[in-house]
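> Listed here are the chains, written in short residue letters.
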Amino acid sequence: QQPVQSPQAVILREGEDAVINCSSSKALYSVHWYRQKHGEAPVFLMILLKGGEQKGHEKISASFNEKKQQSSLYLTASQLSYSGTYFCGTEDAPNTGNQFYFGTGTSLTVIP
Amino acid sequence: DTEVTQTPKHLVMGMTNKKSLKCEQHMGHRAMYWYKQKAKKPPELMFVYSYEKLSINESVPSRFSPECPNSSLLNLHLHALQPEDSALYLCASSQERGTNYEQYFGPGTRLTVT
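The listed protein sequences derive, respectively, from chains F and B. Counting in this note's numbering, the first sequence runs from 8 upward without gaps. Counting in this note's numbering, the second sequence runs from 49 upward without gaps.
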């Protein structure tokens with residue numbers, strides 16, 4: 008079940024903040040976040056696990072609301088290098104053979 | 049070394065051709081993945097290998113045939129493809145299969161089927 012992201016696209020000026028949301032219709036065990044620049048491979052940003060454990064970059068933060076089956080990625084003081092398409096990725100249970108689904112994607116453009 | 053390499057970068061093939069895509073990682077990862085990505089869409093999981101055994105095959109057409117010769121190598125054999133199979137094919141690896149582990153992606157092979 009592919010998670011749905013919002014917004015679909017956002018344009019920011021340098022220094023502004025943004026929030027990207029990821030919602031699933033199924034219970035989640037974990038949420039991954041990746042960024043993909045045009046013509047490049049996705050790059051790992053963060054993993055959030057049930058129970059609050061996080062693994063990722065210091066300058067990016069995220070939240071995981073297990074009850075609401077949602078995650079949000081917070082980008083603060085945006086830089087030009089933040090531009091790209093952001094994908095969440097979810098699996099509703101660990102190591103059960105369930106599919107890993109990427110979300111619908113959010114295109115983020117940072118302008119000077 | 050946190051690199052996943054893929055060859056070739058670009059591939060153009062006819063519908064009757066047979067070709068292979070190659071992926072390699074030297075991070076000691078035990079899980080490797082093939083994804084298909086169409087323009088402006090998210091990657092879609094095709095195959096997962098865990099400890100060199102195929103663990104997920106998401107009903108991908110048989111014209112795509114994966115192979116994992118060893119823990120560092122992953123191949124995708126292509127035969128009798130259709131024009132709608134044109135896409136970016138991404139390989140990824142992770143330390144283990146499972147949601148605790150981030151995936152490292154290769155740069156992809158851009159495939160065009162004519």
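To be clear, the hints were calculated from the coordinates, so they are not data collected in a lab. There may be inaccurate statements among the hints.
What the hints assert, rightly or not - List time: in silico EDC-like cross-link candidates among lysine to aspartate or glutamate, alpha-carbon distance up to 16 angstroms: (1) Lys70/B / Glu106/B; (2) Lys86/B / Glu47/F; (3) Lys84/B / Glu47/F; (4) Lys88/B / Glu132/B; (5) Lys89/B / Asp133/B; (6) Lys57/B / Glu47/F; (7) Lys89/B / Glu47/F; (8) Lys33/F / Glu73/F; (9) Lys84/B / Glu106/B; (10) Lys88/B / Glu47/F; (11) Lys67/B / Glu144/B; (12) Lys57/F / Glu98/F; (13) Lys89/B / Glu132/B; (14) Lys70/B / Glu132/B; (15) Lys101/B / Glu132/B.
> Would you mind marking each hint as holding or not holding in the structure?
Status of each hint after checking the structure:
1. Lys70/B / Glu106/B: Given that 16 angstroms is the threshold and the Cα spacing comes to 20 angstroms, the pair is violated.
2. Lys86/B / Glu47/F: The given pair, whose Cα atoms are some 13 angstroms apart, holds under the 16 angstroms limit.
3. Lys84/B / Glu47/F: holds, 14 angstroms
4. Lys88/B / Glu132/B: holds, 15 angstroms
5. Lys89/B / Asp133/B: holds, 14 angstroms
6. Lys57/B / Glu47/F: Roughly 11 angstroms between the alpha carbons, so the hint for Lys57/B and Glu47/F holds.
7. Lys89/B / Glu47/F: Since the Cα atoms of Lys89/B and Glu47/F sit roughly 14 angstroms apart, the hinted pair holds (cutoff 16 angstroms).
8. Lys33/F / Glu73/F: holds, 10 angstroms
9. Lys84/B / Glu106/B: holds, 12 angstroms
10. Lys88/B / Glu47/F: holds, 12 angstroms
11. Lys67/B / Glu144/B: violated, 29 angstroms
12. Lys57/F / Glu98/F: holds, 12 angstroms
13. Lys89/B / Glu132/B: At roughly 14 angstroms apart (the allowed maximum being 16 angstroms), Glu132/B and Lys89/B satisfy the hint.
14. Lys70/B / Glu132/B: violated, 21 angstroms
15. Lys101/B / Glu132/B: Measuring from Cα to Cα gives roughly 28 angstroms; hence the hint is violated.
Hint violations for this structure: numbers 1, 11, 14 and 15, all remaining hints satisfied.
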